[in-house]
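Undergrad: Letter by letter, the chains look like this.
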Amino acid sequence: MATIPIGADRTIATRRAARRGLRALRQAPLIPLVILAVLVSVAILAPVLAPHGRLDPVKPTQERCLAKYGTPDCPYVDNVPPFWSRGSRLETPLGTDFLGRDVLSRLMYGARISLIVALTGALFAGAIGTVLGVLAGYMGRWWDEIIMRITDAWLTLPSLVFAILLSSVRGPGLWNVVLILALVFWSRYSRAVRGEVLSIRERDFVKLAEINGIGKLTIMWRHLIPNVMNTVMVLFSLQVGVAVIIEASLSFLGVGVPPPEPSWGLMMAQERESLMEGRWWLEIFPGICITLLVLSANMLGDWLRVRLDPQLRNR
Amino acid sequence: MLKKAFAILSGLTLTCGVAWGQGVPSTSRPILSGPLAKLDIKDAQVEAGRGTPKGGLRIGLHFGIDPGWFDPLGYHGAALQFFYLMHDALIKPMPQGEFTYGLAERAEMSADYRRAAFRLRPGLKFQDGHPLTTADVKWTYENYRGLNFKYLQEKVENIQVVDDRTIIFHFKGPFVDFLDLYNGSGSGIGWIVPRHYYEQVGKDGFKARPMGAGPFKFVSQEVGVQVSVEAWDQYWRRAPGVKTINVRAIRDLAARMAGLETGELDLAYGMTGKLLQRVMADPKLRWDRNYTSPWHLVFPGYNEPTSPFHDRRVRQAVSLAINRSFLVKQETQGIGKPWGNWISLETRDALRGDGTELPVPPYDPARAKQLLAEAGYPNGFDFDWYVPFAPYFDMAERILTDLRAVGMRSKMQMLDAPVYMAQTSKGRKGFPGNRTIVQRIDPRPGGAKELIRLYAVCAGQASYICEPRIEALWARHEASIDVAERDRLSKEIQRAIVESYYLVPVYLQPFVHAVTQKVLPEGEAVHRYWDTLNAPFPWPWEVWEVKS
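Residue numbers (the numbering used here), protein chains in the order written: chain D, 1 to 315; chain P, 316 to 863.
Treat the hints with caution; some may be incorrect.
When the alpha-carbon atoms are kept at most 30 Å apart in a straight line, the in silico BS3-like pairs for lysine-lysine are as follows [as the list claims (entries may be wrong)]: (1) LYS726(P) - LYS684(P); (2) LYS726(P) - LYS59(D); (3) LYS644(P) - LYS59(D); (4) LYS744(P) - LYS726(P); (5) LYS465(P) - LYS353(P); (6) LYS558(P) - LYS833(P); (7) LYS599(P) - LYS558(P); (8) LYS741(P) - LYS470(P); (9) LYS68(D) - LYS726(P); (10) LYS644(P) - LYS68(D); (11) LYS741(P) - LYS726(P); (12) LYS353(P) - LYS684(P); (13) LYS741(P) - LYS518(P); (14) LYS684(P) - LYS59(D); (15) LYS518(P) - LYS532(P); (16) LYS522(P) - LYS741(P); (17) LYS532(P) - LYS558(P); (18) LYS558(P) - LYS68(D); (19) LYS470(P) - LYS453(P); (20) LYS68(D) - LYS599(P).
Hints were generated in silico from the structure; no laboratory data involved.
Model the full structure from these sequences, guided by the hints.
TA: Right under this line is the structure:
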């Protein structure tokens with residue numbers, strides 16, 4: 001009879017887990033992950049990576065001023081074209097905007113604003129929605145009735161119109177946009193979480209905890225919330241993309257992040273006229289950034305949904 | 316005594332000129348007994364033959380439309396273009412002169428400025444056919460709740476309706492400025508509202524479906540977005556030239572430009588900014604500068620000690636930080652004019668801000684930084700908001716960049732025009748806190764003193780300034796009936812305001828409009844539509860003609 005050395009069980013389990021992790025990683029959507037990693041790194045390192053400030057115009061040389069305005073002294077040179085056009089400058093590879101500010105630097109800082117707003121907005125919405133969903137699902141009765149009727153009513157509101165309405169009440173501002181996103185999106189979490197809790201609360205471990213006299217708050221905190229986190233994570237990753245779009249739309253409409261801070265939506269709004277003048281890149285670059293971020297977040301969310309759902313995972 | 320009388324008389328003659336108009340003279344039968352002040356009110360040009368309205372005019376307005384602007388009783392600014400469309404006043408600014416007869420065929424003011432009288436034209440009607448009488452004039456005056464209403468109503472002792480066409484205002488004391496305020500520009504009180512209709516539909520009903528005695532009848536509106544009117548061919552002066560007018564609120568400059576280029580619009584306002592060069596280069600468009608009023612900055616709550624703008628040096632630094640000549644080049648292709656006063660050059664008794672009477676403010680960022688350091692802000696400071704007038708957000712961001720360059724950092728609050736105007740019309744009360752800069756413009760026909768009364772004295776309805784020195788000068792102004800002295804005091808106040816930087820002038824706005832080939836007459840003669848003194852918009856509307 002073969003002897004099994006002490007600790008071998010744990011080694012086997014660890015190896016299995018590592019193999020599973022590796023397999024999952026191999027199936028992970030690499031391109032979205034890379035894009036997200038790049039965007040997050042750029043957002044975090046914007047003050048280091050950006051060649052110029054986000055708010056101040058690039059200091060022009062006397063020659064530049066002379067060439068553009070016929071005077072040796074000017075505070076900035078506006079609308080410098082990007083690197084592939086004649087008249088471009090190496091120090092501003094994507095050109096400058098109508099105020100002589102470096103477009104590349106503003107895009108980098110814009111990533112910071114978009115991510116901060118989208119992540120924190122979706123996070124707060126998730127926190128509110130999860131708590132309310134768990135309460136409704138577990139406590140039942142009038143808790144369920146009240147919370148779910150409010151949720152249903154909330155879900156009928158068109159999100160962008162509702163966000164604009166809230167924005168006009170609260171006024172523009174970065175943290176106001178975060179608050180608005182939280183207020184707009186919590187209901188999606190609470191609806192999904194409540195459904196999940198209705199099933200979990202009937203399981204043996206919850207019943208056993210109840211029989212042992214454990215308090216309702218503890219059950220919710222220790223048994224229910226950890227078990228709905230998969231759903232919350234999937235929803236969160238999907239909501240981030242939507243939050244980016246809402247933030248960009250609010251800023252585009254002038255009720256989001258106030259100028260001169262560089263938000264991608266605002267950058268697009270400010271350069272609408274440039275499209276008519278043939279300076280399409282000023283409109284396209286922030287648009288590309290928004291598309292990449294939203295697509296990546298959505299693809300990652302989709303992958304997470306498949307990974308965390310046992311039925312879909314084993315298909 | 317004789318000397319004083321002579322001074323009053325010569326002052327009146329200087330400012331008012333001789334009381335002879337052009338065209339058909341008004342009925343000369345006097346209303347008031349006793350000596351009269353000489354008034355320079357031009358006669359209306361009533362056209363003998365009545366043409367037929369043809370075609371439609373589509374207008375692109377650069378800000379949202381507030382239905383409240385259709386109601387003269389609640390006038391708070393920006394509404395005059397709609398008043399000229401749908402309503403009419405007893406006297407109003409017209410191309411012939413700042414004071415021109417409208418519904419009234421005769422106006423008189425007693426020499427002691429204690430009585431004013433009007434005689435209406437015979438056979439006047441509202442658009443529903445109901446007769447317009449002095450009862451409507453009295454009711455409008457008594458029910459007016461817009462700008463200056465308290466001031467106007469407190470001054471009146473009683474209003475005497477002599478008959479259906481004759482009305483006399485009796486004042487508690489000399490009311491020298493009455494005609495300035497009643498002239499259809501200084502307030503909404505001179506625009507006559509149909510009492511029978513207003514009482515029937517109520518305030519909100521009137522805003523939703525206004526009706527007056529003007530050349531165009533209201534047809535429909537999409538609240539905030541557009542309003543359509545059609546010609547009322549029984550208008551007393553002439554039949555309107557165009558059959559319909561549609562005013563659309565299009566805040567986006569690119570959309571207005573596209574509207575002009577595709578023929579969706581026939582006239583668009585506010586074409587300065589990024590696309591002005593394109594407008595100027597387009598052979599199919601005709602454009603013109605219309606110097607309306609200077610942009611200026613105000614500091615709500617500056618006189619509270621906790622405000623950074625309490626210190627004159629900080630306000631001066633704001634002025635020195637703005638690169639006006641570059642700003643004018645960027646925003647207006649150089650056709651705007653850096654200006655040293657906050658009151659329009661076309662305004663009566665205004666000091667010119669081009670260096671002749673008030674200096675053009677210099678650009679000196681180094682001095683601005685030094686002043687900030689002396690005021691206790693060596694590293695500059697953050698202030699809450701910079702609030703521009705919609706939709707001039709690019710211009711505002713340029714100014715914000717200039718301020719930032721010397722250390723005054725803030726963010727921009729982008730309000731839509733109706734909200735902005737509602738807030739600015741409350742003056743200091745419209746902006747909580749005391750760390751805000753508001754960018755303003757007020758192209759208001761009339762005298763400089765009306766702007767001072769509104770914005771620069773403690774009791775002003777939209778007051779931003781409350782200073783003992785200005786109050787003292789204003790009290791003397793109000794007490795005087797010597798017109799020359801009043802003018803001198805008005806100019807002294809303007810100078811004090813500018814020299815203390817309570818208001819910081821920026822540049823004279825060339826309010827550029829563009830019209831398509833559809834608008835008649837062809838060629839440059841089209842600019843005649845902007846002949847009314849100090850008018851930002853091309854009223855009167857009844858003279859507009861388009862190719863049908």
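Undergrad: Against this structure, judge whether each hint is valid.
TA: Verification of the hints:
As the CA atoms of LYS726(P) and LYS684(P) are separated by approximately 20 Å, the hinted pair is consistent with the 30 Å bound. Taken as a hint, the LYS726(P) and LYS59(D) pair is honoured in the structure, with Cα atoms around 21 Å apart against an allowance of 30 Å. Taking the CA atoms of LYS644(P) and LYS59(D), the gap is near 18 Å; set against the 30 Å cutoff, the hint holds. Restraint check for LYS744(P) and LYS726(P): the C-alpha separation of about 20 Å stays at or below 30 Å, so the hint holds.
Between LYS465(P) and LYS353(P) the alpha-carbon distance is near 27 Å, which keeps this suggested pair within the 30 Å criterion. The straight-line distance between the Cα atoms of LYS558(P) and LYS833(P) is roughly 14 Å, inside the 30 Å bound, and the hint therefore holds. This hinted pair checks out: LYS599(P) and LYS558(P) have alpha carbons roughly 24 Å apart, not beyond 30 Å. With a C-alpha separation of about 22 Å, the suggested pairing of LYS741(P) with LYS470(P) holds against the 30 Å cut-off.
Using a Cα cut-off of 30 Å, the hinted pair LYS68(D) and LYS726(P) holds, with the two alpha carbons roughly 28 Å apart. Of the pairs offered as hints, the one joining LYS644(P) and LYS68(D) holds, with about 12 Å between alpha carbons and a cut-off of 30 Å not exceeded. As the CA atoms of LYS741(P) and LYS726(P) are separated by approximately 22 Å, the hinted pair is consistent with the 30 Å bound. Taking the CA atoms of LYS353(P) and LYS684(P), the gap is near 53 Å; set against the 30 Å cutoff, the hint is violated.
Under the criterion of a C-alpha separation no larger than 30 Å, the hint pairing LYS741(P) with LYS518(P) is consistent with the structure, at around 20 Å. Simply put, LYS684(P) and LYS59(D) have alpha-carbon atoms about 18 Å apart, close enough for the 30 Å limit, and the pair holds. About 18 Å separates the Cα atoms of LYS518(P) and LYS532(P), which keeps this hinted pair within 30 Å; it holds. Taking the CA atoms of LYS522(P) and LYS741(P), the gap is near 21 Å; set against the 30 Å cutoff, the hint holds.
A threshold of 30 Å between alpha carbons decides the hint, and for LYS532(P) with LYS558(P) the separation of about 10 Å falls inside it, so the pair holds. A distance of roughly 47 Å separates the Cα atoms of LYS558(P) and LYS68(D); the hinted pair therefore is violated under the 30 Å criterion. For the proposed pair LYS470(P) and LYS453(P), the alpha carbon gap of about 14 Å is at most 30 Å, so the pair holds. In summary, the hint linking LYS68(D) to LYS599(P) is supported, as the alpha carbons are separated by about 27 Å, within the 30 Å threshold.
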